[in-house]
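Chemist: Residue numbers (my numbering), protein chains in the order written: chain A, 1 to 113; chain B, 1 to 107.
Worth flagging that the hints you see were computed from the coordinates, not collected in a lab. Among the hints, a few may not be true.
Pairs of lysine-lysine residues, derived as BS3-like cross-links and limited to a Cα-Cα distance of at most 27 angstroms, are as follows [stated by the list, open to error]:
#1 B/103 - A/12
#2 B/92 - A/13
#3 B/107 - A/19
#4 B/107 - A/23
#5 A/57 - B/92
#6 B/42 - A/87
#7 A/87 - B/107
#8 A/43 - B/39
#9 B/103 - A/23
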Amino acid sequence: QIQLVQSGPELKKPGESLKISCKASGYTFTDYAMQWVKQAPGKGLQYMGWINTQTGKPTYADDFKERFVFSLETSASTAYLQINNLKNEDTATYFCARGIADWGQGVMVTVSS
Amino acid sequence: DIQMTQSPSSLPASLGDRVTITCRASQDIGNYLRWFQQKPGKSPRLMIYGATNLAAGVPSRFSGSRSGSDYSLTISSLESEDMADYYCLQSKESPLTFGSGTKLEIK
């Protein structure tokens with residue numbers, strides 16, 4: 001069956017960087033785009049953008065054009081989200097989603113000094 | 001960007017009630033509308049795609065409809081397991097945009 005398994009929770013300080021992984025199984029990785037979605041504590045879902053798994057080209061929503069990087073390791077059927085220069089407002093759960101239909105379990109990121 | 005205006009933000013309801021949640025699109029999105037259910041601490045679950053199509057495994061008490069730029073999710077007879085947050089999403093054009101969410105809770 002289709003599975004998206006994300007890496008574990010992260011606790012970081014402002015200014016640090018992190019890289020979240022999303023490992024896909026149960027389908028051909030390059031057949032579907034991978035989307036990323038942010039959910040701040042107690043808030044709604046916010047679309048971050050997507051990466052073309054065939055070409056590796058990322059597309060970012062306006063709020064995520066700085067400091068955020070989508071990447072792939074196609075041989076490992078894995079997508080990555082890197083966040084640079086972390087800020088307190090990056091505290092959230094980050095989801096990957098195959099074709100915005102099947103979702104990973106989410107990664108809780110806490111940014112605190 | 002396309003704006004999705006979702007209402008109500010909170011919906012107290014009783015078991016067995018028929019409930020409806022609505023999203024209005026700021027531009028034409030055709031039938032590129034999905035509904036998600038999210039329970040606390042869980043990932044969103046796709047309930048409806050293409051505005052009216054039930055996703056696999058979703059109970060038949062859920063349905064989606066469209067009237068012009070208004071899209072609705074209806075639960076015909078509320079069950080306790082339906083208590084959750086619900087979000088619409090337009091996938092007509094990038095950036096995709098979510099509605100602000102509806103918290104469905106027991107009255």
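Chemist: The structure should be examined with respect to each hint, and the outcome stated for every one.
Modeler: Status of each hint after checking the structure:
1. For the proposed pair residue 103 of chain B and residue 12 of chain A, the alpha carbon gap of about 31 angstroms is over 27 angstroms, so the pair is violated.
2. A hinted pair counts as satisfied when its Cα atoms are at most 27 angstroms apart, and residue 92 of chain B with residue 13 of chain A does not qualify at roughly 37 angstroms.
3. With a CA separation close to 42 angstroms, the supplied pair residue 107 of chain B and residue 19 of chain A exceeds the 27 angstroms bound.
4. A hinted pair counts as satisfied when its Cα atoms are at most 27 angstroms apart, and residue 107 of chain B with residue 23 of chain A does not qualify at roughly 40 angstroms.
5. Pair hint residue 57 of chain A plus residue 92 of chain B holds up; C-alpha atoms about 19 angstroms apart against a cutoff of 27 angstroms.
6. Between residue 42 of chain B and residue 87 of chain A the CA atoms are separated by roughly 24 angstroms; this keeps the pair inside 27 angstroms, and the hint holds.
7. Taken as a hint, the residue 87 of chain A and residue 107 of chain B pair is broken in the structure, with Cα atoms around 39 angstroms apart against an allowance of 27 angstroms.
8. With a C-alpha separation of about 13 angstroms, the suggested pair residue 43 of chain A and residue 39 of chain B falls inside the 27 angstroms cut-off, and the hint holds.
9. Restraint check: the Cα-Cα separation between residue 103 of chain B and residue 23 of chain A comes to about 31 angstroms, which exceeds 27 angstroms; the hinted pair is violated.
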